[in-house]
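**Student:** Sequence:
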Amino acid sequence: MPHLKSLIQHPGLILLTCMLTIDNALAVLPTPVPPSTGAPNGNWLDLMKGYVKDAGLVIGLLIAVVVFLWMSWILIAKFNEARRGQADWGEVGVVAVVGVGVMIFISYILTEASNVI
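Yeah, the sequence shown ends on 117 if you go by this note's numbering, and it's all consecutive.
I should point out that these hints are in silico values taken from the structure, not numbers from a laboratory. Everything numeric in this text was worked out from a predicted model, so none of it was measured. Worth double-checking, as some hints may not be accurate.
Unchecked claim - List of simulated lysine to any residue pairs, SDA-like, C-alpha gap at most 25 Å: (1) K49 x P32; (2) K53 x V67; (3) K53 x T37; (4) K53 x T31; (5) K53 x S107; (6) K49 x N115; (7) K49 x V116; (8) K53 x V65; (9) K53 x V116; (10) K53 x P35; (11) K49 x L69.
Make the full structure from the sequences, and use the hints.
**Tutor:** Structure representation (structure tokens):
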């Protein structure tokens, strides 16, 4: 026990002991995935522009997924109203046609935006 007290009183000795007994953890990191566009050969601005473009495309896809889920929710709600007799079946058809139109429009806008970015 007296040896433990002398070790605690000398933090440099503890540091030296740790440095001598602990091996280095030399992990090999994976190579980063280059962006779909941009020059990864030392041109940092083009590299960052490529990553920003890829992030913009992912955000656009997330927006499309949210719009698809939202239109699906509206169509299911209108279908349930028609089953209960609170809405006409024609309204279900109109909601379906409008939903398909909105999805086509959103897909077109996102495709054009991906070409512009």
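**Student:** The structure should be examined with respect to each hint, and the outcome stated for every one.
**Tutor:** Now for the hints, and whether the structure bears them out:
1. K49 x P32: Distance ~16 Å between K49 and P32 Cα, so the pair holds.
2. K53 x V67: holds, 21 Å
3. K53 x T37: Status holds; Cα separation ~8 Å.
4. K53 x T31: The given pair, whose Cα atoms are some 20 Å apart, holds under the 25 Å limit.
5. K53 x S107: holds, 17 Å
6. K49 x N115: holds, 14 Å
7. K49 x V116: Holds: K49 and V116 sit about 13 Å apart, inside 25 Å.
8. K53 x V65: holds, 19 Å
9. K53 x V116: Holds, because 10 Å separates the two Cα atoms, which is no more than 25 Å.
10. K53 x P35: holds, 8 Å
11. K49 x L69: This hinted pair is violated, its Cα atoms lying about 30 Å apart.
Hint compliance for this structure: hint 11 alone is broken.
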